[in-house]
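Participant: Going down the list, the sequences are from chains U and G. In this text, residue positions in the first sequence follow numbering that gives the first Met the number 0: the first is 0, and each later residue adds one. In this text, residue positions in the second sequence follow numbering that gives the first Met the number 0: the first is 0, and each later residue adds one.
In case anyone wonders, no lab produced these hints; they're calculated from the structure. Careful, some of the hints might be misleading.
Since the list can't tell identical chains apart, any single copy or any two copies may satisfy a pair.
[What the hints assert, rightly or not] Straight-line distance between alpha carbons at most 20 Å, and here's what the computed SDA-like set of lysine to any residue pairs gives:
id, residue 1, residue 2
1, 29, 91
2, 128, 115
3, 3, 153
4, 17, 42
5, 116, 64
6, 116, 63
7, 29, 129
8, 128, 149
9, 2, 93
10, 62, 106
11, 3, 108
12, 17, 93
13, 2, 94
14, 17, 115
The lines below spell out each chain.
There are 2 protein chains.
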Amino acid sequence: MEKKFMQLAIELAVENVKNGGGPFGAVIVKDGDIIATGVNRVTSGCDPTAHAEVSAIRAACGKLHTFSLEGCEIYSSCEPCPMCLGAIYWAHITRLYYGCNKEDAAKAGFDDAFIYKELSLSPQERSMKTEILLPEEARRAFEAWEVNDERIDY
Amino acid sequence: MEKKFMQLAIELAVENVKNGGGPFGAVIVKDGDIIATGVNRVTSGCDPTAHAEVSAIRAACGKLHTFSLEGCEIYSSCEPCPMCLGAIYWAHITRLYYGCNKEDAAKAGFDDAFIYKELSLSPQERSMKTEILLPEEARRAFEAWEVNDERIDY
Numbered sequence: 000m001e002k003k004f005m006q007l008a009i010e011l012a013v014e015n016v017k018n019g020g021g022p023f024g025a026v027i028v029k030d031g032d033i034i035a036t037g038v039n040r041v042t043s044g045c046d047p048t049a050h051a052e053v054s055a056i057r058a059a060c061g062k063l064h065t066f067s068l069e070g071c072e073i074y075s076s077c078e079p080c081p082m083c084l085g086a087i088y089w090a091h092i093t094r095l096y097y098g099c100n101k102e103d104a105a106k107a108g109f110d111d112a113f114i115y116k117e118l119s120l121s122p123q124e125r126s127m128k129t130e131i132l133l134p135e136e137a138r139r140a141f142e143a144w145e146v147n148d149e150r151i152d153y
Numbered sequence: 000m001e002k003k004f005m006q007l008a009i010e011l012a013v014e015n016v017k018n019g020g021g022p023f024g025a026v027i028v029k030d031g032d033i034i035a036t037g038v039n040r041v042t043s044g045c046d047p048t049a050h051a052e053v054s055a056i057r058a059a060c061g062k063l064h065t066f067s068l069e070g071c072e073i074y075s076s077c078e079p080c081p082m083c084l085g086a087i088y089w090a091h092i093t094r095l096y097y098g099c100n101k102e103d104a105a106k107a108g109f110d111d112a113f114i115y116k117e118l119s120l121s122p123q124e125r126s127m128k129t130e131i132l133l134p135e136e137a138r139r140a141f142e143a144w145e146v147n148d149e150r151i152d153y
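Construct all of the structure, not just a fragment, from the sequences and the given hints.
Facilitator: What follows is the structure, encoded as structure tokens:
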């Protein structure tokens, strides 16, 4: 654990506000070296997935030419939202440090706490209108996957 | 609700397996028109965030030059994982249709159900090692955000 990496994540977040972005920054570190950083470019980049953590993960994977960041740590200026926490799990990041929490984010007008609550509900209970469609036909994709000897599991 | 859009999402998923990708496809529709499609390119693209839904959202936002897909529907061949469902909320998509569910995905070797379970736990209970670091200092970013009159809320 290195405070200097969190300080950098916070500095990136503060700077990003000045540059027209959201108040979030993230730093990915491996063996004490910074692999990549990311900031929130949702509105400026027309990309609702361009949160700091997702951006940092994409940059780190591009740099290391891998889809797994096992052995890496991520320092985020704020508790990751469900999208970003999901991305952190999928990237197999080993350890997470965060500064502010989702209640701080909610106070500043961000939907993190709401989305966490929605995800904890069943699809039928969520505010997002959701329907299941052609489930049997959809399993064809997994059947194709399971018989594909060249598949790369992740 | 149009079965043909789900059929396309499934077809994209099946085709993607043949092309070395994961068994997932998604289609974004507005007013009956297809805006964008996406497939899973995690391993082939070295990007753990390149799930079908995230890829489709990024493509749709790029095409429409917006960070909000309000009024759009998304058709996904499989129930979105927490990362993708978070992205769907952040994109303000209006309606979700999916085919297979997270249990089908788990049977095919994907971590969706595990990640849903992890997100429902408190940070201290999760298998991901998590620590809070410099929370007071981190609030500087939100303070800078709140006094910025030019901020774009989303």
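Participant: If a hint holds in the structure, say so; if it does not, say that too.
Facilitator: Hints and how they fare:
no. : hint      : verdict
1   : 29 - 91   : within (13 Å within a copy, 35 Å between copies)
2   : 128 - 115 : both (17 Å within a copy, 19 Å between copies)
3   : 3 - 153   : neither (32 Å within a copy, 30 Å between copies)
4   : 17 - 42   : within (14 Å within a copy, 35 Å between copies)
5   : 116 - 64  : neither (35 Å within a copy, 29 Å between copies)
6   : 116 - 63  : neither (34 Å within a copy, 29 Å between copies)
7   : 29 - 129  : between (40 Å within a copy, 16 Å between copies)
8   : 128 - 149 : neither (37 Å within a copy, 33 Å between copies)
9   : 2 - 93    : within (17 Å within a copy, 41 Å between copies)
10  : 62 - 106  : neither (35 Å within a copy, 32 Å between copies)
11  : 3 - 108   : neither (28 Å within a copy, 38 Å between copies)
12  : 17 - 93   : neither (31 Å within a copy, 32 Å between copies)
13  : 2 - 94    : within (14 Å within a copy, 42 Å between copies)
14  : 17 - 115  : neither (28 Å within a copy, 35 Å between copies)
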